[in-house]
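These protein sequences, in sequence, are chains A and B. Residue numbering for the first sequence follows the working numbering, starting at 276 and increasing by one per position. Residue numbering for the second sequence follows the working numbering, starting at 44 and increasing by one per position.
Worth flagging that the hints you see were computed from the coordinates, not collected in a lab. Quick caveat, the model's predicted, so the values are computed rather than measured. Among the clues, some could well be false.
[To be verified] Computed Cβ-Cβ distance ranges for the label pairs, DEER-style:
{"no.": "1", "chain 1": "A", "residue 1": "Asp-516", "chain 2": "B", "residue 2": "Ser-189", "range": "19 to 29 Å"}
{"no.": "2", "chain 1": "B", "residue 1": "Val-54", "chain 2": "A", "residue 2": "Lys-391", "range": "55 to 65 Å"}
{"no.": "3", "chain 1": "A", "residue 1": "Ala-736", "chain 2": "B", "residue 2": "Asp-256", "range": "29 to 39 Å"}
{"no.": "4", "chain 1": "B", "residue 1": "Asp-158", "chain 2": "A", "residue 2": "Lys-417", "range": "54 to 64 Å"}
{"no.": "5", "chain 1": "A", "residue 1": "Gln-661", "chain 2": "B", "residue 2": "Lys-268", "range": "20 to 30 Å"}
{"no.": "6", "chain 1": "B", "residue 1": "Gly-80", "chain 2": "A", "residue 2": "Asn-698", "range": "22 to 32 Å"}
{"no.": "7", "chain 1": "B", "residue 1": "Asp-56", "chain 2": "A", "residue 2": "Ser-684", "range": "55 to 65 Å"}
{"no.": "8", "chain 1": "B", "residue 1": "Ser-232", "chain 2": "A", "residue 2": "Ala-736", "range": "34 to 44 Å"}
[What the hints assert, rightly or not] Each computed DSSO-like pair below joins lysine-lysine, with the alpha-carbon atoms no more than 30 Å apart:
{"no.": "9", "chain 1": "A", "residue 1": "Lys-725", "chain 2": "B", "residue 2": "Lys-280"}
{"no.": "10", "chain 1": "B", "residue 1": "Lys-268", "chain 2": "A", "residue 2": "Lys-741"}
{"no.": "11", "chain 1": "B", "residue 1": "Lys-193", "chain 2": "A", "residue 2": "Lys-696"}
{"no.": "12", "chain 1": "A", "residue 1": "Lys-725", "chain 2": "B", "residue 2": "Lys-103"}
{"no.": "13", "chain 1": "B", "residue 1": "Lys-142", "chain 2": "A", "residue 2": "Lys-725"}
{"no.": "14", "chain 1": "B", "residue 1": "Lys-178", "chain 2": "A", "residue 2": "Lys-628"}
{"no.": "15", "chain 1": "B", "residue 1": "Lys-169", "chain 2": "A", "residue 2": "Lys-725"}
{"no.": "16", "chain 1": "A", "residue 1": "Lys-287", "chain 2": "B", "residue 2": "Lys-207"}
{"no.": "17", "chain 1": "A", "residue 1": "Lys-696", "chain 2": "B", "residue 2": "Lys-155"}
All C-beta atoms, glycine included, are put in the ideal place defined by N, C-alpha and C.
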Amino acid sequence: MKSGELKYQDYKYGFTTDIENIKAPKGLSEETIKFISKIKNEPKWMLDWRLKAFNRLKVIKEPNWQKPKYPKIDYQDLYYYSAPKSMKDKPKSLDEVDPKLIETYNKLGIPLNEQKKLSGVAVDAVFDSVSVATTFKGELDKKGIIFCPISEAIQKHPDLVRKYLGSVIPITDHYFATLNSAVFTDGSFVYIPPNTRCPMELSTYFRINASETGQFERTLIIADKGSYVSYLEGCTAPMRDENQLHAANVELVALDDAEIKYSTVQNWYPGDKDGVGGIYNFVTKRGACRGKNSKISWTQVETGSAITWKYPSCILQGDNSVGEFYSIAITNNYQKADTGTKMIHLGKNTKSKIISKGISAGKADNTYRGLVDINSKAFNSRNYTQCDSLLMGNKCGAHTVPYIKNKNSSSTVEHEATTSKINEDQLFYCNQRGLNQEEAVSLIVNGFCKEVLQQLPMEFAVEAQKLVSISLEGSVG
Amino acid sequence: MLQLQNLRASVNDKSILNGLNLNIKAGEVHAIMGPNGSGKSTLANILSGKNGYEVTGNLKYEGKNLQDIPIEERAQKGIFLAFQYPLEIPGVNTTNFLKTSLNTIRKAKGQKELDTLSLLKLIKDKASELNIDEKFLSRQLNVGFSGGEKKKNEILQMKLLEPKLAILDETDSGLDIDALRIVADGVNSHKNENNAFLIITHYQRLLDYIKPDFIHVLSNGKIVKTGCADLGQELEKTGYENFK
Ligand SMILES: Nc1ncnc2c1ncn2[C@@H]1O[C@H](COP(=O)(O)OP(=O)(O)O)[C@@H](O)[C@H]1O
Ligand SMILES: [Mg+2]
Numbered sequence: 276m277k278s279g280e281l282k283y284q285d286y287k288y289g290f291t292t293d294i295e296n297i298k299a300p301k302g303l304s305e306e307t308i309k310f311i312s313k314i315k316n317e318p319k320w321m322l323d324w325r326l327k328a329f330n331r332l333k334v335i336k337e338p339n340w341q342k343p344k345y346p347k348i349d350y351q352d353l354y355y356y357s358a359p360k361s362m363k364d365k366p367k368s369l370d371e372v373d374p375k376l377i378e379t380y381n382k383l384g385i386p387l388n389e390q391k392k393l394s395g396v397a398v399d400a401v402f403d404s405v406s407v408a409t410t411f412k413g414e415l416d417k418k419g420i421i422f423c424p425i426s427e428a429i430q431k432h433p434d435l436v437r438k439y440l441g442s443v444i445p446i447t448d449h450y451f452a453t454l455n456s457a458v459f460t461d462g463s464f465v466y467i468p469p470n471t472r473c474p475m476e477l478s479t480y481f482r483i484n485a486s487e488t489g490q491f492e493r494t495l496i497i498a499d500k501g502s503y504v505s506y507l508e509g510c511t512a513p514m515r516d517e518n519q520l521h522a523a524n525v526e527l528v529a530l531d532d533a534e535i536k537y538s539t540v541q542n543w544y545p546g547d548k549d550g551v552g553g554i555y556n557f558v559t560k561r562g563a564c565r566g567k568n569s570k571i572s573w574t575q576v577e578t579g580s581a582i583t584w585k586y587p588s589c590i591l592q593g594d595n596s597v598g599e600f601y602s603i604a605i606t607n608n609y610q611k612a613d614t615g616t617k618m619i620h621l622g623k624n625t626k627s628k629i630i631s632k633g634i635s636a637g638k639a640d641n642t643y644r645g646l647v648d649i650n651s652k653a654f655n656s657r658n659y660t661q662c663d664s665l666l667m668g669n670k671c672g673a674h675t676v677p678y679i680k681n682k683n684s685s686s687t688v689e690h691e692a693t694t695s696k697i698n699e700d701q702l703f704y705c706n707q708r709g710l711n712q713e714e715a716v717s718l719i720v721n722g723f724c725k726e727v728l729q730q731l732p733m734e735f736a737v738e739a740q741k742l743v744s745i746s747l748e749g750s751v752g
Numbered sequence: 044m045l046q047l048q049n050l051r052a053s054v055n056d057k058s059i060l061n062g063l064n065l066n067i068k069a070g071e072v073h074a075i076m077g078p079n080g081s082g083k084s085t086l087a088n089i090l091s092g093k094n095g096y097e098v099t100g101n102l103k104y105e106g107k108n109l110q111d112i113p114i115e116e117r118a119q120k121g122i123f124l125a126f127q128y129p130l131e132i133p134g135v136n137t138t139n140f141l142k143t144s145l146n147t148i149r150k151a152k153g154q155k156e157l158d159t160l161s162l163l164k165l166i167k168d169k170a171s172e173l174n175i176d177e178k179f180l181s182r183q184l185n186v187g188f189s190g191g192e193k194k195k196n197e198i199l200q201m202k203l204l205e206p207k208l209a210i211l212d213e214t215d216s217g218l219d220i221d222a223l224r225i226v227a228d229g230v231n232s233h234k235n236e237n238n239a240f241l242i243i244t245h246y247q248r249l250l251d252y253i254k255p256d257f258i259h260v261l262s263n264g265k266i267v268k269t270g271c272a273d274l275g276q277e278l279e280k281t282g283y284e285n286f287k
């Protein structure tokens with residue numbers, strides 16, 4: 276290739292924060308679970324719930340139908356809880372938080388200080404197994420909106436948590452969901468009261484820092500009748516040779532006429548260019564459109580992780596409810612992704628829309644796997660699915676695995692899929708207009724992803740575009 | 044500005060250009076005419092640096108060996124190709140593309156990058172000179188544009204980028220007479236003593252509006268005849284038969 280040589284850009288969030296930690300004893304055991312529950316000061320019902328999940332876990336096996344295979348995980352060789360020692364006494368305000376932690380988030384572009392915090396975005400910052408700080412709490416309080424770490428919600432809002440936790444993803448669901456239920460540590464809790472429009476973006480920033488530690492995020496978002504919330508999560512981790520597990524459960528509940536918009540920009544460490552290290556991102560995300568006219572919209576930009584394995588789904592229970600899934604999954608070098616969605620139509624006149632853009636480069640492998648299931652009582656329901664795959668080079672793979680079950684003859688399912696290679700003539704055209712190879716690839720790929728990128732809240736769209744470009748650096752040449 | 048000596052080019056052992064010589068000086072307008080398949084687009088592609096050709100010969104642009112200059116640098120150094128078939132790039136906003144291109148080239152030339160406001164004004168002004176409706180500027184690049192609209196968009200880019208050597212590959216094909224005149228005006232207004240044009244065309248009619256200094260007849264990958272403006276009229280009458 277004559278055009279500008281490309282260099283592999285190092286992962287810019289790969290640093291480690293040197294900090295003293297408190298860890299649970301190594302390994303998965305009742306002792307570990309009791310340790311987590313105790314350190315989080317949980318009520319008995321929560322511990323019982325965890326133990327129930329743990330007992331279930333003993334009799335079930337890890338699923339293995341997914342495309343990306345991975346070496347056996349030794350669950351006894353992991354830490355399930357790790358938190359900065361300084362967080363033990365629960366700092367009352369940001370002034371009491373270890374400056375090293377604040378500095379970490381500054382470096383990640385997420386200032387937590389009152390003066391510098393992102394305007395219009397409330398942030399919950401989760402560091403390994405604890406939430407470090409949550410911004411804009413006061414302002415949200417005034418509207419009756421609850422936005423806090425889930426560990427705090429368990430203590431302060433037990434009725435809401437008990438009512439909804441596990442109501443979308445039962446603790447018996449599958450291996451990783453059950454594992455999470457037993458050992459989850461932190462994540463965010465959101466409750467939007469009836470007829471309230473959340474006045475700002477809510478977001479959680481997940482950071483893995485400690486080594487040999489799994490992160491078990493748990494997030495629960497409830498939008499009460501007639502409410503609206505837009506929520507975004509971001510994720511990064513240090514560069515390490517080991518593979519680290521992030522097994523999250525995220526549950527969304529939308530009641531009558533409520534809408535939840537959930538966006539993810541996933542940039543976990545992807546491993547190096549030879550495929551060493553990186554996060555195993557095994558995540559269960561599910562939303563229930565429980566009320567009539569409710570809506571849940573998932574948008575994900577998945578650029579990181581060694582393996583991404585997730586299917587953010589919608590259970591469309593309420594009549595006229597709407598589920599959407601917009602996804603960009605980029606895999607480069609040796610990364611693997613098996614991702615998609617499940618749209619379960621139960622109510623009448625339910626609608627779902629799936630737009631998936633998979634981009635594969637290097638020796639990576641990218642699978643879209645999705646289920647559209649229209650129940651016999653879901654009259655006049657509609658699904659539209661569009662899956663586009665873009666291949667860069669000829670050592671990568673793209674696969675589309677759509678499952679469709681339509682049990683109602685008044686309902687329709689439409690599926691379109693394309694697979695193409697990055698077009699040399701388009702690249703030449705851009706080069707002829709002065710753009711180098713990287714700029715040309717970035718332009719074309721961002722164009723390919725446009726429909727999904729434009730779903731992101733404005734504050735994050737620009738960042739996401741840059742991330743798309745960076746993730747593909749070194750992929751053509 | 045451009046000197047080509049004994050340019051030979053082939054693709055997969057099929058030879059397309061067979062010893063082509065051409066000299067272009069600043070301030071000149073050259074026209075290349077020739078039957079389909081004679082190698083006109085291949086010549087344009089090689090000048091702008093497209094990959095995939097086996098190329099030999101002594102090719103110089105502003106005294107430098109052309110073959111050593113990467114595609115985007117040729118563009119930055121003033122070589123512009125108006126494509127015979129402009130590419131569609133879905134999801135990419137036309138204005139954004141023009142902005143990115145113009146600022147990249149300005150930066151490479153050591154000029155100040157333009158801020159969004161001045162850029163938008165510049166693009167709008169040039170577009171209106173070409174009678175391009177503003178709404179095209181907010182559409183996806185060339186997606187769903189008619190043939191004529193795509194060609195006008197190429198000339199818009201030429202006017203914005205102000206190249207030294209503009210190569211127009213059959214820009215006139217597919218244009219109605221009004222569009223042809225507008226495009227020709229665009230070329231004529233851009234023309235000065237510091238730049239040069241290489242205009243590839245099938246038809247005399249464009250050359251009625253843009254007066255070439257030289258007309259070359261390309262046949263089987265070679266220039267078989269060079270003349271001045273009236274050679275065009277002769278070709279119009281007799282066709283290419285006499286020049287094989
Ligand atoms: N990439 C290619 N592979 C094979 N043959 C090609 C390629 N590009 C051009 N040709 C052939 O070279 C000849 C000249 O093509 P081209 O330069 O496009 O002609 P023109 O523009 O004069 O019509 C034609 O016979 C064409 O089929
Ligand atoms: Mg041609």
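*Asn-698 of chain A and Gly-80 of chain B - C-beta distance against the hinted 22 to 32 Å*: holds, 24 Å
*Do the alpha carbons of Lys-178 of chain B and Lys-628 of chain A lie within 30 Å of each other, as the hint requires?*
Holds. Lys-178 of chain B to Lys-628 of chain A sits at ~29 Å (cutoff 30 Å).
_Given pair status - Lys-725 of chain A, Lys-169 of chain B, alpha carbons within 30 Å_ = Within the cut-off at roughly 27 Å; holds.
*Taking the CB of Val-54 of chain B and the CB of Lys-391 of chain A, does the distance hold inside 55 to 65 Å?*
holds, 58 Å
*asked:* I want to verify a distance hint. Is the separation of the beta carbons of Ala-736 of chain A and Asp-256 of chain B within 29 to 39 Å?
replied: Since the Cβ atoms of Ala-736 of chain A and Asp-256 of chain B sit about 50 Å apart, the hinted range of 29 to 39 Å is violated.
*Can you let me know if the beta-carbon spacing of Gln-661 of chain A and Lys-268 of chain B is within 20 to 30 Å?*
violated, 54 Å
*Using the Cβ atoms, figure out if Asp-56 of chain B sits within 55 to 65 Å of Ser-684 of chain A.*
holds, 59 Å
*Is the gap between the beta carbons of Asp-516 of chain A and Ser-189 of chain B within 19 to 29 Å?*
violated, 56 Å
*Should the hint that Ser-232 of chain B and Ala-736 of chain A are 34 to 44 Å apart at their CB atoms be regarded as holding?*
holds, 39 Å
*Hint says 54 to 64 Å; check whether the CB-CB distance for Asp-158 of chain B and Lys-417 of chain A agrees.*
violated, 40 Å
*Going straight from one Cα to the other, do Lys-696 of chain A and Lys-155 of chain B come out at no more than 30 Å?*
Given pair Lys-696 of chain A, Lys-155 of chain B is violated - Cα atoms ~36 Å apart, limit 30 Å.
*Is Lys-193 of chain B within 30 Å of Lys-696 of chain A, Cα to Cα?*
Holds. Lys-193 of chain B to Lys-696 of chain A sits at ~24 Å (cutoff 30 Å).
When the structure is compared with the earlier hints, violations turn up for hints 1, 3, 4, 5, 9, 10, 12, 16 and 17 and for no others.
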